[in-house]
Amino acid sequence: MVTGIDPSILDWLKKEVVPEGLAFKPLRENRVYIRVKPEDVDKLAERFVKKMGVRFIHSSGVDLGQYGVDVFYVYDFAELKPKLVVVLEARLDKDNLTIPSVGKVTWQAAWPEREVHEFLGVDFKGIPDARHQFLPFEWPNTPETGAPADQSVVTETPNPTPTAAGWHPVGISPKNALASLIPIGPYHPGVIEGQTVYVRLEGEQVVDADIKTGYHHRGIQRLIEKRGYNRGVYAAERVCGICSAHHGLTFVTCAENLYDAEVPERALYIRTLLAELNRIHSHVLWVGVAADIVGWKTGFMLTWGLRERVMDIIEAITGNRVNYGIWRLGGVSRDVPQELASKARPIVAKLKEDLLRLLPPVAANPVFKSRLVGVGPLDKATAFETGAVGPVARASNWKIDTRLTNPPHAIYDQKQISWEVVLNDGCDIYGRVLVRVGELFQSIGIVDQCLDYLSKKTGDIREVPRTIEPGSEAVGLNEAPRGEQFYYMRAGGGELPAYMVPEGKTNVQGSNTLVACRIRTPSYRNNAVLPYMLIGAALADVPIIMGSIDQCLACTDRVEVVNDKDESSYTITWDDLVKMSQKKCRS
Amino acid sequence: MLNIVGQTSISPVVVTNQGILSNPIFIAVTLIIMIPVGLFLGIIYTFLLRKLTARFQWRVGPVVTMYKDLAPLLGRSRIWQPLYDILKLFGKDNMSPSTSRKAIFLASPYLAFLCAFVAIFFIPLPGLQLLSNVSESLVITVYLLILSVMFTILGAASSGSPWSAIGARREVELFLIYEIGLVVSLFSVALIASSITGTETLTIWGIVNSTNLPMLILDPFAAILLFLVMLGKLAIKPFDIAEAEAEIVAGPYTEYSGRSLGLFQLAKVFLLYDLVTLFLAVFIAPLFSLPTGNALWFIAAIPLYVVLAVVMVFLLTVVQVLHPRYKISKGISDYGAMIAVVAILTIAMVVVLNYMGVITVVIG
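Chains W and X supply the protein sequences, listed in that same order.
Going by the numbering used here, the first sequence opens with residue 1, and the numbers climb by one from there.
Going by the numbering used here, the second sequence opens with residue 588, and the numbers climb by one from there.
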């Protein structure tokens with residue numbers, strides 16, 4: 001499982017792909033860290049994405065105190081070389097936090113760049129969409145960025161126009177967004193979580209759309225950084241209540257890539273078992289939610305009834321229904337006894353039978369179908385350009401599955417376990433339904449094979465803990481039910497930021513905390529694609545298009561929001577809220 | 588308006604003496620009794636709609652017999668759950684948005700409720716003539732049923748909320764379709780009744796007493812048409828487009844709260860009773876007409892009415908649970924097509940009956 005990098009790939013990267021690289025550091029599992037000059041990042045992005053057809057994964061920044069700010073870009077080279085992931089990193093000086101924008105090359109980088117701008121104040125030159133990402137539109141720019149304080153909202157910026165480079169911008173100007181007729185959210189019965197999708201209507205047709213996130217803030221990345229690796233797993237599982245198993249799996253995959261881990265085979269099978277059971281319950285849940293959004297409560301109730309059975313199986317295995325709490329670095333905490341595994345097999349078979357009886361008729365219901373076929377179109381080229389992941393991309397006939405190209409630390413090798421990637425060329429919501437239903441049955445197949453293995457063999461479930469080298473970096477990838485999940489970690493120690501070094505010492509070796517943990521959830525990508533699907537749709541289709549990407553907003557948001565009423569422009573602070581609630585309780 | 592000429596092969600029921608039934612004092616007493624009875628039946632039908640829907644969906648729904656350990660706390664039964672929900676709303680704050688036209692916004696729930704409520708007096712029950720013998724009672728009932736929806740739309744339009752505006756627009760689009768169906772269905776039945784009796788029959792009581800054959804057999808398409816209309820009027824899926832909660836929050840009711848919302852819900856309860864009873868009165872008429880001196884029939888008719896009403900609610904539930912909601916464009920085109928086809932068949936049936944000599948209709 002754990003490999004260094006193939007020297008020929010490193011040579012290829014040095015000579016042909018990134019000759020301007022300043023330093024090359026091989027990471028575990030065929031991943032390469034390359035340090036580049038800040039002014040080169042947009043040229044490299046152009047070369048990677050436009051010429052080589054490499055997929056952009058994520059971009060983020062790390063504040064290193066006196067050392068400056070590291071901005072990194074992660075690219076997936078799996079199409080060209082097996083499992084190759086490249087982390088490009090540029091270090092910026094604190095006095096001059098400017099870097100050319102990659103967002104102007106490829107649209108999908110604009111969201112992360114807007115986020116880094118809000119997080120760390122890095123100024124991205126030429127970024128096409130400079131509005132706030134998570135902060136409210138009304139939030140003034142900080143003086144350090146050099147931008148006019150009121151630019152972000154009050155002045156009207158014209159709607160971006162398509163450029164010759166092929167970048168097609170989405171978005172309404174802040175002023176238009178605030179003045180739009182229909183804000184769907186932050187509280188709307190179609191979408192349970194908080195977000196605002198602004199749609200401008202002509203009749204019932206959507207002519208312009210944009211999404212504004214930022215209604216949840218839990219500071220979970222910071223929490224993980226402070227809690228360290230072992231306790232961080234628990235926090236990571238709580239990023240999302242539905243794909244909690246996958247967050248745990250991606251976290252341990254990433255953390256295990258910080259050192260030479262040897263996870264026992266039985267633990268790998270247990271991980272696969274739980275991840276796939278989680279995928280089954282997530283997809284069943286989604287079919288129910290989709291049925292509910294198109295107003296079919298019966299479909300919702302029946303599918304959720306079956307989901308309970310999946311949850312019961314998970315509870316029998318782990319003792320928990322939502323956050324399983326069995327993920328550990330180097331293995332899992334609980335074994336699945338042989339008797340339990342053999343007992344679970346007929347139950348899973350019965351579940352498959354029931355799902356087969358329910359889901360195909362649900363998918364074939366004529367009214368249900370009439371609501372979905374041809375709605376929310378997304379072709380393959382747009383999916384690539386905008387960075388769609390998971391079932392949304394696969395329904396556009398794009399064969400992208402991290403389990404195949406960059407598997408997490410679990411059993412996904414098709415030689416050991418038989419499964420295949422489900423594709424559909426519908427490019428619409430109905431295609432997404434079929435992909436999810438197909439994947440669900442694939443998952444049941446994987447679960448059955450895992451249970452078969454677990455019921456026949458025995459073995460260790462956890463290796464002894466090892467030490468993590470200071471300053472090591474790792475990337476963890478995994479295919480969650482909603483799409484590709486990305487974790488980036490940088491271990492403490494090594495070149496530590498000044499504020500972390502105790503007085504009188506230059507460094508702390510083997511620190512058990514992280515310098516940085518960055519999480520990118522699949523919804524983060526798919527939400528950005530949303531406006532593309534919305535324009536041209538009918539208002540009645542807006543909720544189901546939003547639902548079709550299986551949004552998880554708690555995963556997407558990270559930054560605190562402060563209520564601000566735009567007309568009277570006063571800010572409700574936490575103290576005010578406390579006072580208000582006290583006042584209300586007294587009266 | 589209508590001149591009915593010629594002889595009919597179906598002989599009209601000769602109502603010689605209805606005795607106490609047409610006694611004004613008896614009618615006055617029954618009208619007062621009708622208020623609790625109408626509410627009771629409306630709540631029971633609403634409860635059944637909820638309970639059956641729940642059972643179809645693997646849910647428990649409002650329980651008929653409360654679990655023993657909870658009975659001291661919650662009472663022995665939850666059959667009155669729809670009423671409790673409404674009563675709860677009556678105890679809440681009644682708010683109106685600052686952008687609304689207050690007078691219209693606050694008055695329309697009362698008017699919508701009043702229309703649906705008053706209609707109960709014009710629709711007969713087995714053995715109870717009520718006001719259904721008032722001249723043109725059919726026309727009055729149709730107006731009341733239309734007005735109830737009209738005031739809902741008016742209230743939504745005056746609320747100043749974009750969601751309500753979209754909901755009201757959708758309601759108007761649907762309204763234009765199903766009200767045509769309502770009128771065609773009821774008046775083609777009236778036409779048949781008129782031709783059988785040989786006089787202009789525009790009272791529901793007249794239709795009820797026109798023939799011993801149920802209208803369901805004479806013109807089944809009119810019954811199908813009225814059933815389709817009920818789906819739209821009661822916002823049964825797939826035609827709950829105007830109230831599509833995932834799309835437009837609560838449509839016309841988005842800004843309503845407290846007493847106003849309670850009144851709208853109460854209006855719906857009465858509307859369900861009105862439509863179910865009207866359907867049975869018009870299409871299974873012999874159940875409602877009481878040949879003099881046949882007390883046994885009277886005893887059998889009331890349980891039979893309840894059974895048939897439950898069957899009606901069951902059919903509504905089946906449609907409700909089987910379908911997702913239509914999109915408005917598709918809903919309008921499909922619903923419009925359905926109503927149009929069945930309406931044409933309804934009228935064609937009247938023509939066929941005429942041609943076959945069963946009845947003779949001359950319009951002029």
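Don't read these hints as lab results, they were simulated from the structure.
Check before you lean on any hint, since a few could be wrong.
As the list claims (entries may be wrong) - Heads up, simulated DSBU-like pairs for lysine-lysine below, C-alpha to C-alpha not over 35 Å straight-line:
(1) W:Lys51 / W:Lys352
(2) X:Lys655 / W:Lys399
(3) W:Lys583 / X:Lys917
(4) W:Lys25 / W:Lys14
(5) X:Lys917 / W:Lys297
(6) X:Lys689 / W:Lys583
(7) X:Lys917 / W:Lys380
(8) W:Lys83 / W:Lys297
(9) W:Lys14 / W:Lys43
(10) W:Lys297 / X:Lys655
(11) X:Lys679 / X:Lys655
(12) X:Lys679 / W:Lys579
(13) W:Lys350 / X:Lys655
(14) W:Lys579 / X:Lys689
(15) W:Lys583 / X:Lys655
(16) W:Lys369 / X:Lys675
(17) W:Lys352 / X:Lys675
(18) W:Lys81 / W:Lys50
(19) X:Lys675 / W:Lys297
(20) W:Lys399 / W:Lys14
(21) X:Lys917 / W:Lys579
(22) W:Lys83 / W:Lys352
Since the structure is predicted, the reported quantities are computational estimates derived from the model, not experimental observations.
Here is how each hint holds up against the structure:
| no. | hint | result |
| --- | --- | --- |
| 1 | W:Lys51 / W:Lys352 | violated, 44 Å |
| 2 | X:Lys655 / W:Lys399 | violated, 57 Å |
| 3 | W:Lys583 / X:Lys917 | violated, 50 Å |
| 4 | W:Lys25 / W:Lys14 | holds, 11 Å |
| 5 | X:Lys917 / W:Lys297 | holds, 20 Å |
| 6 | X:Lys689 / W:Lys583 | holds, 29 Å |
| 7 | X:Lys917 / W:Lys380 | holds, 28 Å |
| 8 | W:Lys83 / W:Lys297 | violated, 43 Å |
| 9 | W:Lys14 / W:Lys43 | holds, 16 Å |
| 10 | W:Lys297 / X:Lys655 | holds, 30 Å |
| 11 | X:Lys679 / X:Lys655 | holds, 30 Å |
| 12 | X:Lys679 / W:Lys579 | holds, 24 Å |
| 13 | W:Lys350 / X:Lys655 | holds, 34 Å |
| 14 | W:Lys579 / X:Lys689 | holds, 32 Å |
| 15 | W:Lys583 / X:Lys655 | violated, 41 Å |
| 16 | W:Lys369 / X:Lys675 | violated, 39 Å |
| 17 | W:Lys352 / X:Lys675 | violated, 43 Å |
| 18 | W:Lys81 / W:Lys50 | holds, 17 Å |
| 19 | X:Lys675 / W:Lys297 | holds, 24 Å |
| 20 | W:Lys399 / W:Lys14 | holds, 28 Å |
| 21 | X:Lys917 / W:Lys579 | violated, 50 Å |
| 22 | W:Lys83 / W:Lys352 | holds, 33 Å |
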